[in-house]
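Numbering (our numbering), first residue to last: 4 to 580.
One or more hints might be untrue.
What the hints assert, rightly or not - Taking lysine to aspartate or glutamate pairs in the EDC-like style, the calculated list, with each CA pair at most 20 Å apart, reads: (1) LYS388 with GLU413; (2) LYS388 with GLU371; (3) LYS388 with ASP370; (4) LYS19 with ASP38; (5) LYS388 with GLU529; (6) LYS132 with ASP122; (7) LYS388 with ASP198; (8) LYS345 with ASP198; (9) LYS19 with ASP69; (10) LYS345 with GLU371.
What the hints assert, rightly or not - DEER-style ranges, computed between Cβ atoms: (11) LEU108 with PRO129: 18 to 28 Å; (12) SER540 with ALA319: 50 to 60 Å; (13) THR206 with SER540: 52 to 62 Å; (14) SER343 with PRO190: 23 to 33 Å.
FYI, nobody ran anything at the bench for these hints, they're computed from the structure. Where is the CB? At the ideal position from N, CA and C, for every residue including glycine.
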Amino acid sequence: MIKTTVTGILIELLRKYGVRTVFGLPSGQLGIFMDGISRDPDFRYVTTRHEECAGHMAHGATIPGDEMALCFATVGPGATNLLPGVAAAWADNVPMIVLTADNPLPMLDPHVDMLQAVDQIALFRPVTKWGVQIRDPQRAGELMERAIRLARSGRPGPVHIDLPVDVSTMNCIYDLERMPAGPAPRPRPADSELDAIIDLLGTATRPLLVAGGGVIRSGAVDAFRALAETLAIPAISSVQGWGAVDPCSERHIGSPGWHAGFAALQAGREADLVIAVGCKFGSWTPVAKPPAVTPTAGQRIVQIDIDETMLGKNAAITLGLIGDARETLETLHARLTGVSLKVDRAWVASLVAARADYVAAIEAVADEAAVAVPPGTPAFMRELKRLLPADAIVCVDGGQTSSWAMSFLEAAGPHRAKFESGMGHMGCGLPMAIGAKVVQADDRPVFVVCGDGSAGLTSQELETASRLGIKVVMIVMNDSCWGCYKPLEQFVFQNGKLGPSLVDTDFSRVAEAYGCRGERITRVDELAGALERAIASPVTSLIDIPVSFAGHPLDVDFFVRTIMPGAELRPHQVEEI
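Whenever a hint applies, use it, and build me the whole structure from the sequences.
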């Protein structure tokens, strides 16, 4: 048993559960928490320039090895600013502790319209697994421990602790041994359920494996690859599963998600059996997504997920099994002895050929982009693929640049590439990279790949990197526009007034203003030297690259079929009937 303040109990619980990294913008109402954490050598304490970025940094902290972090914000505008970073983590099933300060308890529920007052529990409820306002100091330890445990249990995600300023300083007593701090349980399906999968495999001729983010989070990459090789069948991944598929496999047909290209789309349409592991069938997963990916009649889908509520939620399934990805895959693999498959090898060969066609298509766009003035994004992205260190961590930001990054860059293993696919968030790249760099145990280089639109949203965190001596390399593909919306302007509406154009901003000078190193290059053959100088630099470096806009081969399909399916008339068009 210990006796301390409510804040003291929170700090001890963070220590107990190995939550060692804290990101946030200073808050008067959380002063006692900030003082305790910043003085304690067990914790890494990072103050940010914007609350949203504290959420993205806590998200980024999970990239090198699935560490859980805490982000915090002050009451009112601090909490509302933090919300987008938390929402992105919620959509990607990323565990984190979200701590918000609140006004004194007598002024809450109902609120008396104090300065900065907002119902913060209601605000965060849609984007957290669970939320609690600490109202009774004697229950503080129990409730905060429940929140921390819930963040990692089952399907992980953010949890929210709202702490009124007066309660934070109250004394309380708590037994830190009340609950064990061991790892979360790893459930697996019953043997009979695994045998049902084996029976389906025995009758399939076009089976497909799909890895979701659960494969990465549970440490199941080796088990997933081993199953794919034993069965000798093609495999793809969702964006959150990026790194699960072996890019050196002879049956490699691309990764991640939609941006694996023609072969992944074909596989999603034609497979007669899909076995999806730790995958929720989000928008980026090219399976069962009509009208762009309409499955073949009779397609059977097996979904394995640790969270029962995800089974059948986003795709019609034949069989749903509750289980941890690693435990389930290892057990399933062990039961495959003597199983004989009837895989259509001509179909597999057609997928490999479709992958080659897609690679040729994007290479052709890159060739064309290389001779444009200035060169286009795909030409630089192709060169970046060649130059990136094998052990690099790459944080890909949202927007049109992400399409080219996911098309060219390959993750040879887990924890090598990250994109906030659940929200497709723009502005996440730099703060995620800072979060990843803060917690990594080795000296792997950390890169940000983004467009100028994304860079403009969170470039203030260059000051955070400079102030705290955090070194990342940021590469800005600068086409002076919101590139994601160029297809709407060019292909859908043919309307030059939609507003995607931006002023040419030299972000290398922005970086220098924040105390980082900046460089602007204009030719593809300059990228190698610029990267070498950036990696050698002792401080964060930003390489600004003016580029021509280059449309992606999948842009029209994505916008027309996914964003606006069935649209026929424009708002200003009227027909008399």
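Hint-by-hint comparison with the structure:
| no. | hint | in the structure |
| --- | --- | --- |
| 1 | LYS388 with GLU413 | 8 Å, holds |
| 2 | LYS388 with GLU371 | 17 Å, holds |
| 3 | LYS388 with ASP370 | 15 Å, holds |
| 4 | LYS19 with ASP38 | 19 Å, holds |
| 5 | LYS388 with GLU529 | 14 Å, holds |
| 6 | LYS132 with ASP122 | 17 Å, holds |
| 7 | LYS388 with ASP198 | 41 Å, violated |
| 8 | LYS345 with ASP198 | 17 Å, holds |
| 9 | LYS19 with ASP69 | 17 Å, holds |
| 10 | LYS345 with GLU371 | 42 Å, violated |
| 11 | LEU108 with PRO129: 18 to 28 Å | 24 Å, holds |
| 12 | SER540 with ALA319: 50 to 60 Å | 52 Å, holds |
| 13 | THR206 with SER540: 52 to 62 Å | 58 Å, holds |
| 14 | SER343 with PRO190: 23 to 33 Å | 29 Å, holds |
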